[in-house]
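Fit chain B to the given chain A structure using the hints.
Protein sequence lines correspond, in order, to chains A and B.
With our numbering, letter number 23 in the first sequence gets 23, and the count goes up by one each step, no holes.
With our numbering, letter number 294 in the second sequence gets 294, and the count goes up by one each step, no holes.
Keep in mind that the hints were calculated from the coordinates and are not lab data.
Worth double-checking, as some hints may not be accurate.
[As the list claims (entries may be wrong)] Selected chain B positions facing chain A (in silico; Cβ < 8 Å):
id: 1; residue: 19
id: 2; residue: 26
id: 3; residue: 55
id: 4; residue: 67
id: 5; residue: 71
id: 6; residue: 72
id: 7; residue: 95
id: 8; residue: 375
Note that the Cβ used here is the ideal one computed from N, Cα and C, for glycine as well.
The residues making up each chain are set out below.
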Amino acid sequence: MIIGTLAMIYIFILAVFTGVEVISRVPAILHTPLMSGANAIHGIVLIGGVILLGLAGDNNLLCGLGFVAVILGTLNVVGGFVVTDRMLEMFKSKPPAKTNPDQ
Amino acid sequence: MTRASVPEAAFLIASLLFIFGLKRLSSPRSARSGNTMAAIGMALALGGAFLLPGMGHFGWIMLAIVIGAVPGWLLARRVKMTAMPQMVSLFNGMGGACALFISFGEWLGEPADSHDLGRALPMLLGIVFGSVSFTGSLVAFGKLQGLISEKPLRWPLQKTGNALLLAVILASSAAAPSSQHEMWILLPAAAALLLGVAQVLPIGGADMPVVISVLNSCTGLAAAVTGFAMHNMSMIIAGTLVGAAGSFLTVLMCKAMNRSLAKVIFGSFGLAPKEAAAAAQGDQSMREIAASECAVMMGYARKVIIIPGYGLAVAQGQHLVHELDEVLEKRGVEVKYAIHPVAGRMPGHMNVLLAEADVPYPKLQDMEEINPEFDQADVALIIGANDVVNPAARTDAASPIFGMPILNADKAKNVIVIKRGRGAGFAGIENGLFYNPKTRMLFGDAKKALQELVTEVKAL
Chain A
1 MIIGTLAMIY IFILAVFTGV EVISRVPAIL HTPLMSGANA IHGIVLIGGV ILLGLAGDNN
61 LLCGLGFVAV ILGTLNVVGG FVVTDRMLEM FKSKPPAKTN PDQ
Chain B
1 MTRASVPEAA FLIASLLFIF GLKRLSSPRS ARSGNTMAAI GMALALGGAF LLPGMGHFGW
61 IMLAIVIGAV PGWLLARRVK MTAMPQMVSL FNGMGGACAL FISFGEWLGE PADSHDLGRA
121 LPMLLGIVFG SVSFTGSLVA FGKLQGLISE KPLRWPLQKT GNALLLAVIL ASSAAAPSSQ
181 HEMWILLPAA AALLLGVAQV LPIGGADMPV VISVLNSCTG LAAAVTGFAM HNMSMIIAGT
241 LVGAAGSFLT VLMCKAMNRS LAKVIFGSFG LAPKEAAAAA QGDQSMREIA ASECAVMMGY
301 ARKVIIIPGY GLAVAQGQHL VHELDEVLEK RGVEVKYAIH PVAGRMPGHM NVLLAEADVP
361 YPKLQDMEEI NPEFDQADVA LIIGANDVVN PAARTDAASP IFGMPILNAD KAKNVIVIKR
421 GRGAGFAGIE NGLFYNPKTR MLFGDAKKAL QELVTEVKAL
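The shape of chain A in the complex, shown without the other chains (with noise of 0.2 Å):
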């Protein structure tokens, strides 16, 4: 499915929009493991090296640079999220952290 320019145009402001909604209410101490979340997250380059490399057929030149574009969205996407899960793991063991009840 080929999609018009002008679909992806309105995809891009719609997917702005979304982009500050779904963070807009972050706690300072979630700043950090948001940060590196959201790196992992853009390491969806990695899916366009992929593709590089799956269609380049016998161009060598066109193999080679997505060979390399797929080695480095892995380490993005493998570095960024286990980084941020071991932050994030940091925050789990807090159920006495609610001694005050929820009522």
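Chain B in isolation, oriented as in the chain A frame:
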């Protein structure tokens, strides 16, 4: 359902997972599941890409994924929490480079004469954003890792040079689509790579969090425009989400530091006022105190507010702070932590570091919450923090940090500062609080000093 619609469905679900994941990331209880959700989305999108019609080279793809995944996983598992900001910056740079390589490949994959503007623009943008974010992130990484001087580097005609680079990028990009020579595209790429370096080198270490956040959204945009070039919805949505969220975060951060984004990017911290402040305080001296005396002050206090700074994290003293907090609480002292929004090196960094040491997070108070409480505090214990308690931000209009919201540690009855040496802070600014008559300095490594304090308080 045709074969081609399976990947499309995967991309669609992946995009939804990214949005929900990001949403869940912004609340402490659901954050971890949000991250997992986004990771599942990523795996789904990857699977979708494999199923696209006409795909080949699966062996090579898997090999490249393994080559990237192993060091990525190891680095991410092993990095110390204190080194988190530069690690994020490094991974961010990898994403930028990835976008650069893809856009370059897309450009070369088309016959040179078929570059109409609608096709060429996203590729050019991908190359430029990707390049800037690649080299910019590497410089930010180098600065935070201590490989490059954290001091703002200046050279003659800096701004003119950067403007010139920008002009080269614009002009060569404009000429690229009509050029018969495919490799013409290397010119804007090279200029953008240089611009990334030239733009980040002059920025001081204290402003690095803002820079990382800017570069983070820059890579997001690079991913989005690459998605435009490849007609891939999930790339457009995920990239744009990050671009927008990253920009919003940048604004929040700048607000916390009371710095305008333009100032961070175009002008580094002034160096001249530092000497003036130093001269003004030249005839005063700091008053030292012994650990045993500190222990008495805190052990018999009613309320102690701890102000942790990056120095604490560097000394790996978070666990000891928690221990000190516990022995004090056992004696009936009320202990709270005052967290400046930019304590550590990124907003929220200090919260992560203290959470690592099992400090319950209701004890971590934001600046707005805690500032009115300093009046009633008997002791404000400052550990490895400097600029965030500098009263010059309130009083001295000539100070480079004037106007930055600070923790009002100087309102407490007594102030104890644990500090490694007599030097100025991260931003290189003298701190009048250290010369205040009610301030006592406990010089030494934060970890050792805290160890002594814990022992002394226990012995009371």
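Comparing the hints with the structure gives:
no., hint, in the structure
1, 19, "holds, 6 Å"
2, 26, "holds, 4 Å"
3, 55, "holds, 4 Å"
4, 67, "holds, 5 Å"
5, 71, "holds, 7 Å"
6, 72, "holds, 4 Å"
7, 95, "holds, 4 Å"
8, 375, "violated, 23 Å"
When the structure is compared with the earlier hints, a violation turns up for hint 8 alone.
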